[in-house]
Structures are given as structure tokens and as C-alpha cells.
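Undergrad: Chain residues, written in single-letter form:
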Amino acid sequence: AQKITQTQPGMFVQEKEAVTLDCTYDTSDPSYGLFWYKQPSSGEMIFLIYQGSYDQQNATEGRYSLNFQKARKSANLVISASQLGDSAMYFCAMREGPGTDKLIFGTGTRLQVFP
Amino acid sequence: NAGVTQTPKFRILKIGQSMTLQCAQDMNHNYMYWYRQDPGMGLKLIYYSVGAGITDKGEVPNGYNVSRSTTEDFPLRLELAAPSQTSVYFCASTGRGGRETQYFGPGTRLLVL
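Top line first, the protein sequences correspond to chains D and W.
Sequence positions in the first sequence follow my numbering and run 19 to 133.
Sequence positions in the second sequence follow my numbering and run -6 to 106.
Derived by calculation from the structure, the hints in this document are not laboratory data.
Using N, Cα and C, we set each Cβ at its ideal position, and we do this for glycine too.
Just to be clear, a hint being listed does not mean it is correct.
[Stated by the list, open to error] Derived CB-CB ranges, DEER-like:
no.: 1; chain 1: W; residue 1: ASN(-6); chain 2: D; residue 2: ALA99; range: 28 to 34 Å
no.: 2; chain 1: W; residue 1: GLN15; chain 2: D; residue 2: LEU102; range: 34 to 40 Å
no.: 3; chain 1: D; residue 1: ASP73; chain 2: W; residue 2: ALA45; range: 31 to 37 Å
no.: 4; chain 1: D; residue 1: GLU35; chain 2: W; residue 2: ASN23; range: 41 to 47 Å
no.: 5; chain 1: W; residue 1: ALA75; chain 2: D; residue 2: ASP47; range: 31 to 37 Å
no.: 6; chain 1: D; residue 1: PHE132; chain 2: W; residue 2: ASP19; range: 38 to 44 Å
no.: 7; chain 1: D; residue 1: GLY117; chain 2: W; residue 2: ASP19; range: 23 to 29 Å
no.: 8; chain 1: W; residue 1: ASN23; chain 2: D; residue 2: ARG81; range: 31 to 37 Å
no.: 9; chain 1: D; residue 1: LEU102; chain 2: W; residue 2: MET20; range: 29 to 35 Å
no.: 10; chain 1: W; residue 1: MET34; chain 2: D; residue 2: GLU35; range: 25 to 31 Å
[To be verified] So these bits of chain W aren't anywhere near chain D, every CB distance computed over 12 Å:
no.: 11; residue: ASN(-6)
no.: 12; residue: PRO1
no.: 13; residue: ALA45
no.: 14; residue: TYR57
no.: 15; residue: ASN58
no.: 16; residue: GLU72
no.: 17; residue: PRO76
no.: 18; residue: GLN78
With the rest of the complex left out, here is chain W (with noise of 0.2 Å):
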């Protein structure tokens, strides 16, 4: 099992580009989570899904986008990029429920200058 991937791991953007970060997990969890984490922070929810076509915004969607059509693929959408969108984002995913962790994928540091 690859676990959970992420593409690219780094990236430059200028404001207002637009890019999209890919996660992909190979264990057939329902859960999936975007996470921010800024420097010298802990880990933000942006967006989370509990199943393929569902979404719903954590605690800091304003900026993002996300899609579910698969249970394998989350990606997240930034439009308009800002400095303020400058971090590190990390893709998780879980099993349902109970002690299971969640699993990160290795992150995608986000450069907007």
C-alpha cells in the first residue's frame, strides 16, 4: 500500500494563479481531510468528506475548493491565490471511527508570492 500520496511537494505560485493539490489514499477510507499548517502552528481543517460526492467546509474553507467523485481521490482547489494561502498542506484519511488514526499523506508546501 502506498498510503496516502500527495502531488506536487512543492510549489510556487503567483497571486492570482490558480492550482490544484492532488491526494490520493489506497486503503478504501471513506474519510478524507484537508489540513493547513502554518509556520510554528498546528494543523487547520479546510475541508473534510465521509464519502464519495459529499464535502462539507472546516475551519478554514474561505479561498478552496474541493470535489469527491471517487473514494480513492480529494483534490483542493485554490483559486485566486493569495500570500496569505502560503503553507504547508497536508491530505489525511481515516477508516470509520473508533482508535484508528488518521493517516497523513507526506504534504505539499505552498509558496504564493
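Next up, chain D with everything else stripped away, as it sits in the complex (with noise of 0.2 Å):
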């Protein structure tokens, strides 16, 4: 069965450092894609990067990265240079198998910045 593991339920950072928030995964689909969602305490779901199983690049979005390590089925997002806005929840979902882009999500880390 699918699933999305997130060992750490809280991390801390100081403000400017970069930090990274663990995902790992389980699937036996060559394809699948992998996602990362912020959620602030106002509650709403931001999108903030996207793997696809077949990419040979790492994804980058600005200050967000991916650590892609496919053998080892971890999606690890790395925040660099963290502001305090960064606080909130991020959550690793895995986009299901082909026809119905289901999302599987995992049960988060709350991400602290501190001054």
C-alpha cells in the first residue's frame, strides 16, 4: 500500500538558517508524483514544490528544494534561509496512481522560525 512517512512532528530554526523537513514514501507505481504544502495557521493549503518520479533534477522553487533520493524513497524539502513567515505546517503528499490523481498526505511537521 501507499504511504507517506514524517518522522519529525516539530523542528525549530533560527531565522536566515536553512532547515530540512523529512519525507519518506512507499510505493511499488514507477509513477508517481511527490508534492509539498505549507499550511499557516490561518489554515489555508499553499503548494509549494512538485517531484515527478521520473525528473532527473532536484525541484527548486525559490528558497524551497527538494532532496530527491529515489533509491532510498525520500522527498526531503529544504527551506534555505528561513523567515519567520515559514512558521506553519508542511505536509508531504504523494499523488496516487495513474487516472485519478488522488493525494496521500502525511501527518506533517510544524516548522517554528525563531528571531
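Put the two chains together into one complex, using the hints given.
TA: Written out as C-alpha cells, the structure is:
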């Protein structure tokens, strides 16, 4: 069965430092997609970054990058130069098999950025 | 574009009452989804639809029903509300496949007492 695991319930990082949020996944499907979402205290789900299973390079979007290690089935989110506004819940999600685009979510990591 | 809209934003129900959570999108997306998020947890899929007239169960469908009569609308019906249905409900939509993300509505917070 497909599964997403986020083992860090909470993380702290100082402003301007980099932080890595862990995500491992399990699937037998050779074609899949991995997403990261940010959920601030206001509750909305904000898309951050996407990595396809066949992508040759790690995805990057501004200060966000994805450390994709396919053999280890990990897709860690790296946030560089953390800002106070980065304090939020972060969810890793995997798109299930073809045809439905359903997402499976991890339990999330709460990131707190301190001055 | 308004994107994905949900109404109401917040609702309190008594045990046994019923209600419909409304969801609409104006992006002409075929794929739509309903998730619930319990406190401190990730999102779990309740129902989804790949087009008008087509719906299917997700991971946690019990106690809910959906319909999809148009591309734009995907209402979620709660019958006989129970305290276990206290949650935040998110509707989402996406174009077909590929690199496109799901676009989420702002959520409906439901409290069943």
C-alpha cells in the first residue's frame, strides 16, 4: 500500500538558517508525484513544490528545494534562509496511480522559526 | 478566477442533524476531491470525482455522500452528524495529471456537539 511518512512532529530553526523537513514514501508504482504543502495558522493549503518520479533533477522553487533520493524513497524539503513567515505546518503528499490524481498525505511537521 | 470556494466557513451541528458542505470551482477542472483534517493530522480523502456524474469513495467515506451533477460543483452531504465528524473539511480540484497541483478551498470548520 502507498504511504507517506513524516517522522518530525516539530522542528525549530533560527531565522536566516536552512532547515530540512523529512519525508519518506512507499509505493510500487513506477510513476508517481510528490508534493509539499504549507499550512499556516490561518488554515489554507499552499502548494510549494513538486517532484515527478522521472525527473532527472531535484525540483527548486525560490527558497524551496526538494532533495529527491529515489533509491531511498525520500523527498525531503529544504528551506533556505528561513523567515519568520515560514512558521507553519508542512505536509508531504504523494499522488497515487494514474487516472485519479488522488493525494496521500503525511501527518505533517510543525516548523517554528525564531529570531 | 475565484479558484475553489467553500461554504460555509464554520458551522456547529447537533448530533443527528444533516447538512451539505458546498464546493465550487471556476477553473473547468474535471477532478475534484473532499478531504477531512482532524486536529494535528494530515488530510484524509473522503470522496473524489473525475468528472460530472462520476464519483468514488476515498479512504474515509462512511457517514458522507457526494454528487457531481456539473463540472463546477461538488457538494458533500453529512447525514446524521456524529461527534467523530468534527473536523476541518477541504475541497480541492485539479486539471488532469502531470505536474499540476491540487488547488484547495479555504476549508469548512465543522463542530458536532
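Undergrad: Confirm or reject each hint.
TA: Each hint, compared with the structure:
1. W:ASN(-6) <-> D:ALA99: 28 to 34 Å: holds, 31 Å
2. W:GLN15 <-> D:LEU102: 34 to 40 Å: With a Cβ separation near 35 Å, W:GLN15 and D:LEU102 satisfy 34 to 40 Å, so the hint holds.
3. D:ASP73 <-> W:ALA45: 31 to 37 Å: holds, 32 Å
4. D:GLU35 <-> W:ASN23: 41 to 47 Å: holds, 42 Å
5. W:ALA75 <-> D:ASP47: 31 to 37 Å: Holds, at about 35 Å.
6. D:PHE132 <-> W:ASP19: 38 to 44 Å: holds, 40 Å
7. D:GLY117 <-> W:ASP19: 23 to 29 Å: holds, 24 Å
8. W:ASN23 <-> D:ARG81: 31 to 37 Å: Since the Cβ atoms of W:ASN23 and D:ARG81 sit about 33 Å apart, the hinted range of 31 to 37 Å holds.
9. D:LEU102 <-> W:MET20: 29 to 35 Å: holds, 32 Å
10. W:MET34 <-> D:GLU35: 25 to 31 Å: Distance hint for W:MET34, D:GLU35 holds at roughly 28 Å.
11. ASN(-6): Per Cβ check, W:ASN(-6) is outside 12 Å of chain D; nearest 15 Å; holds.
12. PRO1: holds, 14 Å
13. ALA45: Check passes; 16 Å lies beyond 12 Å.
14. TYR57: holds, 16 Å
15. ASN58: holds, 18 Å
16. GLU72: holds, 23 Å
17. PRO76: Holds, because the least Cβ-Cβ distance between W:PRO76 and chain D comes to about 21 Å, which exceeds 12 Å.
18. GLN78: holds, 18 Å
No hint from the list above goes unmet by this structure.
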